[in-house]
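Colleague: Chains as they are written, first to last, in the working numbering: chain A, 1 to 261; chain B, 1 to 294; chain C, 1 to 371.
If you're looking for bench data, these hints aren't it; they were derived computationally from the structure.
Pair ranges (Cβ atoms, derived):
hint, chain 1, residue 1, chain 2, residue 2, range
1, B, GLY198, C, PHE23, 42 to 52 Å
2, A, ALA44, B, GLY235, 24 to 34 Å
3, B, ARG145, A, PHE56, 36 to 46 Å
4, B, LEU185, C, SER33, 46 to 56 Å
5, B, LYS104, A, TRP47, 33 to 43 Å
6, A, LEU248, B, ARG35, 39 to 49 Å
7, C, ALA345, B, GLY191, 49 to 59 Å
8, A, GLU66, B, VAL112, 21 to 31 Å
None of the values given here were measured: they were computed from a predicted structure.
C-beta: ideal position from N, C-alpha, C; glycine also.
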Amino acid sequence: MEGRCLIRWSVRLLGWSWLLLLLSPILYACWVSFTPSELLTPPAGDWSLRWYRAFFGERRWMRALENSLKVASLSLAGSLLCGLPLAYASARFRFCGGSVLAWAVLLPLGVPAVVLGVGLLPTVYALGLWGSSLALALAHTLLGLPVVYLLARTALEAVGPDLEWAARGLGATPWRAVFRVTLPLTRPAVAAGAVLALVLSLNEFVLSLFLATPETETLPRVVWPNLRYSLSPLVAAASGILMAVTALGTALVGWLWLRKR
Amino acid sequence: MVPPERRNPWHLLLLVPAVLLLAVFFAGPMLLLLRVSLFAPAGSRGFYQPGTWTIGNYAGLFTDGYFREVLTFTLLFAAGVTLLVLVVAYLLALFIHSLPPRQKALALAAVVLPKLASMLVAVCGLQALLSGAGPVNELLLALGRAGPVQLTRNLAGAVIGETYLLLPYAVLLLVVALGRIDPALLAAARGLGASPWGAFRRVTLPLSLPGLAAAGQLTLVWALGAFVGPLLLGGPEETTLAVEVHRQAVENNRWPAGAAVAVVLIAAFVLTLTAWAALARALTWGKRSWKADA
Amino acid sequence: MGEPGTVPCAGAALELEGVGFAFGGAPVLSGVSLRVEPGSFFSLLGPSGGGKTTLLRLVGGYLAPSAGRLGIGGRDVTDLPPERRNVGMVFQNYALFPHLSARGNVAFGLEMRQVPRRERGRRVEAMLDRVGLTAAERDRRPSRLSGGQQQRVALARALVIEPALLLLDEPLANLDRQLREQLRGELKALQRRTEVTTLFVTHDREEALLLADRVGILAAGRLLQVGEPRDVYHRPRCPFVARLLGDANLLPIASAGPDGVFLAGGLRLTRLPDPPGAYAPGQRILLRPEGCRPGAAGEPNCWPGRVVASHFLGADHVVALDVGPGVTLRMRWPSGGPPPAAGEAVQVAVPPEALWLIPEDDPEGMADGPS
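Bound-form chain A, shown alone (with noise of 0.2 Å):
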């Protein structure tokens, strides 16, 4: 029996430090951003906020951050206005090619982001908008589609169409009976996606790398040539700052939606 138990302990052990080792990376990084050395080596004794003096302190970076912030949030309402109407349609009504389309939906997550990139930025050009932060919210937007369309259609499912025809037969009109009724319902599900969605964009950096000029760069477009190049604590200090940044989205989109009214 001991040996038993001990053998069980020791596959616990294992787990969550496994577990713990997926965490690392991330843990490491944002331990190292503050560091006050020219190294990308935690800090020894002292803590210092030098780097992220630094971010706030430059131009390109403070730039960075906004255009992030824009595309964020126009690739987020993006992937909401295309995905729920999508959603609602695919999980309620039946019609031609509606099975090929929710397919057509998932492809832009499986192609790698490169391929796609080198055939968007002639597109792009060709459509005269080239330089612009809405051709890179667009792009973002075909990542944050799939994800609002598979959750809100589940969720959708899920609730049926039953209570919207109970609104229905109530006297409410179809839109009346989708914001009174399906919307309140299926508003975790919508959250999570719009979170998801604001997370993909802001994280981005493959199509923002062949989209984005220096006036829309992002934020994990600038972190990019930096990682490859020179590697200083200040692309810690960014990786924590864009972090942050997710973690505030998050909250703020999870809030938004999710408070009661």
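Based on the hints, put chains B and C in the right spot on chain A.
Modeller: Same frame as chain A, but now just chains B and C:
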């Protein structure tokens, strides 16, 4: 059976935003990509020479020994990473599945959290962790190794990086797949005299095969398009097709050549997926037949 | 009277003319014509999958018929969407809004009709009083109400809008037996008081017969028979209806002559309700188990039999009798004497008024009767 609601053509309007976006920003670019790969390169002005048709970009690739190396490396790299991810993810999923609900939620949060941060944050952390003076090497030195082990800018770095980036999705899929297995089946197997290992081998493993197949497919898809791991944690040797696309199109400014590599990548993608689907069907064939009955 | 463009309320007649519905090429309903009188209670009885719920959804406006017309209160509503029909519906699973309290659910329809807040409150409370929901229960969400309470809320929600028509889709099916019996009494009383025209769908024959002023039998998408419950029970038009409404002995006629009718198994009937000329071979005669009584040898319409099985059912005692080669008759034993045991020989007498010549065969495609 619930028949659909009374018909109303206005409902099709709901599809308009999504279809428009997909047409202009996805279908259009993918078709354009195909067309661009057949244009003559333009040198320094613009992306390509309009109005030209050539297969020179493809011919250039396949006569190039370097490109063949890249192609082979991509396929091997994807296969290796997928295998590694599946093994680690399955073990982790089994562990998470065995936890009581509250701890399970905590463990799942630990799996998902890195995915809510940018890949770049993760890569930044990995670079710091694995660097010559990083904690991993410190640990190895303390354990008695003579000098620091090179863990970045080489194959080890690329594999570790890509595995780390793809692991969470596979773990999530597998935890869901394991959760779908009725615990009564395991109890029944034990009741019929199976040892814990026997019950796992005869019940849990076969029933989780479809989940394993799905996780493998997803991982393979993303591993084939591996870009960040090889580029940021690998060295120049670790060039995958996606890295090559970027190098040709952006760094060398040879857009048609980049497009041609991208088309090859898509082709490899479709072929591998088809092969995987056939393999998965062969592996889970018995299960499919009873699924159809249920 | 009501907003313009909506159907007026209270005591409206429902008329269906040749209503049909096809789904994916397969007909679900065909040629259903029906009139429900103002203020009456109409039960629609049929096996599941027979098209009852589809018919209800057509009347409610949730589906559009592929053929025929629908009228409520003399107005053609075929093309009206649900929100303009003024029809209250209680769904089988009640379809209560899970995010609203019982009160909120009942108030929903009045809100949609822009009833002023004060009047809305008054009417909601009055209706909840009527269905008997306690004050504490009124603030609860549906998930915290019992099945019976949910059913009351659903009913109140449908009735508070003073609908022209009340549709009930198996509203008692999800409740246990005792509660079901209590609630169906309340339902009937409420309908009597409000005089709302009611269309009630069920697969439970007892419920259908007990509640209805008139009952319609719907199977395989066709309305087989409409009439008063007693009439449909005793004088079914086809064997399917006979079996659907209760235990039935269906006796096939082998030959008919001037001095009586021979049934399969060599049984003879000399005294019949109709003139002997009305009977033809191949037709079937309905004999309900409660129509037989113990008889004496030599009586007309009397057959010797042997008890095959004897079933005690509480209020009733039913015996299965072997009365001829291959003919088994089920009969209800009168409560007077002790019932016979298996193997005993008995005489069964069949009074002519207990016999009913079934006029029609089952329509095509209905080979399987209800079990």
